[in-house]
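Undergrad: Take a look at the letters that make up each chain.
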Amino acid sequence: MHIKGKVLTFDLDGHLVGIDITAVKEINRNIEYTPVSDAPAHIVGLFNMRGQIVTLFNLAGLMGYETERSSGHLTCIILKNTPDNPDYFGFLIGSPGSVVDITEEMCTSPPANLNITQSQYVEEVVKLENDLLMIINRDFLLEK
Amino acid sequence: MFKNADFIKDFVEEAASHAEAVEEGLLKLEKGEGSADIIHGIFRNVHSIKGAAGFFGMHNIVELSHVMESLFGEIRNGNLLLGSEMLEILLSSNDFLKAMIADIENSEQKDISPYIAQLSTFLDISAPTGLEQETQYEADQEITSIIPEVLHHHSVPLNEQAQYKQEYYMIKQENEVSGMDGTKKRLKTADQSIRVQVNLLNDLLNLASEMVLGRNQLLRILDRYRKEIPGLGTVLQNIDHITTELQQKVIQTRMQPLAKIFDKFPRIIRELAHKMGKEILLQMDGADVELDKSMIENLGDPITHLIRNAADHGIEKQDVRELKGKSRTGTINIKAYHEGGHVNIDVVDDGRGIDIEDVKDKVLQKGLISPTEIPLLGEREVLEFLCHPGFSTAEKVTDLSGRGVGMDVVKTNIEKLGGTMEIMTTPGWGTTIRLTLPLTLAIISSLIVEVGEQKFALPQVNLQGMVRIKATERDHWIKCLHEAEVLRYRGMLLPIVHLSDVISIQNKISTTGNAPESNTLSDIETKDEIIRVLIIKNGSKRYGLVVDQIHDGEEILVKPVPRYLRTCQCYSGVTILGDGRIAMILDPEGISGKSGLRFGDESRESNALDTEYPSRDLIEKQDLLLFKCSGPETFALDLSIVARVENIRTEQIEKIGNLEFIQLRGEALRIIRPENYLPVNIGEKDSQKLYVIIPKLVKSPMGILIEQIVDTMESRVEFNHDDILAKGIVGSAILDHRIVLLINIYELFDLVIEGHHLTEEDNTAGSIKFNVLLVEDTPFFLKAEKQYLESAGYHVITARNGQEAWDLLQAHTVDVVVSDIEMPVMDGLELINRVRADNKLFALPAIALTSKGDELSIIKGLESGFNFYEIKLDKERLLEKVNLAIQKKG
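Chains A and B are the protein sequences, given in the same order. Following our numbering, the numbering of the first sequence begins with 6 at its first residue and continues without gaps. Following our numbering, the numbering of the second sequence begins with 226 at its first residue and continues without gaps.
Just chain A, with the same shape it has in the complex:
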């Protein structure tokens, strides 16, 4: 079952990555977050979204990318919460891209040579005209 519909793309450490736009609550730029000492490595810190506590994941790190975090302007994507998981979470991204329409024909399963850490989080690979877009598996993030 391939996904279709609108996907929000963004840059993650030079890679083009996307996520189902229906899962996204908002994009926040210039955020300030509080690091949490003693937290698991994949958690960057906590962010105050108008009084809601948002846990920020290090998605790039989870994907196995180099994480030279640029200081200063940080942008993050915050996902919607669900009734059984009311805690908001999000992840830092490089820069937001655009919204693209995806049809089923454009999608393939992750290629076999994608390494395991990456393929856990990649749900689909979309063949765009000039690029390949990796769709993040939201549910897998949640299990973390």
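The set of hints was computed from the structure by calculation and includes no laboratory data. Hints are supplied without guarantee of correctness; some may be wrong.
Unchecked claim - Okay, the calculated bits of chain A under chain B, using three or more residues with CB under 8 Å as the criterion: (1) 33 to 40; (2) 55 to 66.
Unchecked claim - The calculated EDC-like cross-link candidates involving lysine to aspartate or glutamate, where the alpha carbons are at most 20 Å apart (straight line), are: (3) K30/A x D428/B; (4) K819/B x D43/A; (5) K85/A x D428/B.
All of these numbers come straight from a predicted model, not from anything done at the bench. Glycine is no exception: its CB is placed at the ideal position from the N, C-alpha and C atoms.
For this one, chain A is given, so just place chain B on it according to the hints.
TA: Same frame as chain A, but now just chain B:
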């Protein structure tokens, strides 16, 4: 008399709920769920409305409910069958009753005659109809026989529609009478409360609290523009007020009365008393005090445990009590009251108290402390051992208490709720356990600390003290035992934990003086570097927590730790600080766990190494003057309010009447001896050399006469405000191993001016009070009658029906019973029957107090065994009869 708005409001609320219950009952009957219970219930509801309305002189309501009651009475007694037609009329009458209750001010102007007329038709022809019906059905089927009737009724929908139309018509008519819009009228009689999901309330509370923080930020930013932008000030003020009010209201929605917990205690006490063969009287005050729902839920077990303890360990057997010259009946008093933004719950028993020496022996026996330390411990510190895991002073373990959860668990549970527990005791005369609880769980006071440029919040309940140590004095305060650092603190050795180590962040300060390798900051070795240690208490555990910076205290809103961070054991929550940044809330338990502190015998042994270090170098010093009066007690007065101390001789004191004066610099100054006004000992006046403390900043200056100046002391002292409770004393503290009472000079002077002597009060408190058991199901009659009786000096215990009263009679000594007749579960007649049939209770004086004033009822009541029969509600007559009854008994 009591015809004030509050009572009327109570009445309206209560009557409305009764009317609502009548309707529910009638509808149940209509559906064929007919049972004797429902009819009884309706009868009682109508009766309650009638009784209460009569009290206020609302004749229309009384008249209508009286006719309805009579009708139900007939139905209840089986003389009349409830048919569909009767049901309709009862429903519409009840609707009208509801309308009158809702519009209570105008109820007297309503025309009730159509309803009375319709209802009376049934009553008039009741006898023949009843007989006819009875010939058709078995006698004992009178209630269930409604079912076929109703079924029949349902099978004719047309007929039913007609009935509804008729009802609708009635409502319209009634509205025309009152001249109000129909829909409005209906709305007004609708339910005044709705059910809401707790989650929604939680969200609301969170949002409201966020709003408060948001408002604070807004005010801070916009404050400087107040003058520049016209009108801004008003708007800001408005937002400020509304936000505060909003938060308060939302907090209120989550409040529930303590009655939820208290209600089950009489039963527990009764069973305990029975089981142990003791006589125990349970008194409860403040059941209407409200606390956050989540607290109410978590308080039940701890308080139950305390009560069990009091009943089991506290209260002695009757014979033992008698030997000691106490009343045979032990008393357990549970009091809840507000005090300074907190709610206190006291569990007081007048039992044997706790023998401090016994506790000390036990502590030694169990090896919890070394013999050298024992003399250093104050009473309070000794009593704290009662909360030590596995500690029990009871001679034997009973199945009632002493097993399972102990005091340590109670204490831990209370502390989890952000509260504290204190034990106060007078050996031989009783124990008081005081729980102090915050009003709400969500907002706690905390201290903001910083490590490695990150801020953390530490709940204030876990903070015992703070110590600042100069690097030059480090070796004096901090010792190394092998690898472990320990802090000398008030005669104890406390393990030291570096917060930075526990949560692995880089910090600047090192207590050992050796910089960690990762640390590149250069100022470590500088001489003026200060080490800041927080003294953390968590249950019986104590340790020092080293942090970089200590900021202000802040009220914070606790949010749960996000599930993604559940693995971090050092945090108990998350909060957003005033500047919008997030801070983690430290969990003392988790921190000690993670840093591998083992509490128990080892830490106690190491304590013995240290003996004498007065707490002099604490931060936030307070300058105290320590002195003694003629008694052995040591007092303290804040030096900042002392103008000077004068040296005088006894001969200089001149007496004018009862007052004492001295001449100082040409002026007469009244002098007072604090020991005459405070609950302390008065010693022999043999000293020739005396001192007079002359306070400043006091309206009517008086000198305080003292015998001896002990010391002046710079100290940061946490005064315990509750151990020694008396006007004039702020609290007690232990300084240099002695108990010091800090005097509140303003209150002391108030006492002097009032001429209030404690000894006098003690005498009056000793007079005997009679116990009155008041049985009444209607809450506001209960309230009013209780008030009457208490105003006359009786001690009143209450029950809401005969069964409760009967239970209470088993457990308590009661001098006289005042009981209503019509009550649910067990009525007054049955209660008195039981009392008269009982071997022990048969002679108990009893007064019936009811709104049923007809001759038959009176005869019935007196025949059943009531000594007096009184109609509600004449204060003088009631008190006269109670007095008579007691004399009769005496």
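Undergrad: State for each hint whether it applies.
TA: Hints and how they fare:
no.: 1; hint: 33 to 40; result: holds (count 4)
no.: 2; hint: 55 to 66; result: holds (count 5)
no.: 3; hint: K30/A x D428/B; result: holds, 19 Å
no.: 4; hint: K819/B x D43/A; result: holds, 11 Å
no.: 5; hint: K85/A x D428/B; result: holds, 17 Å
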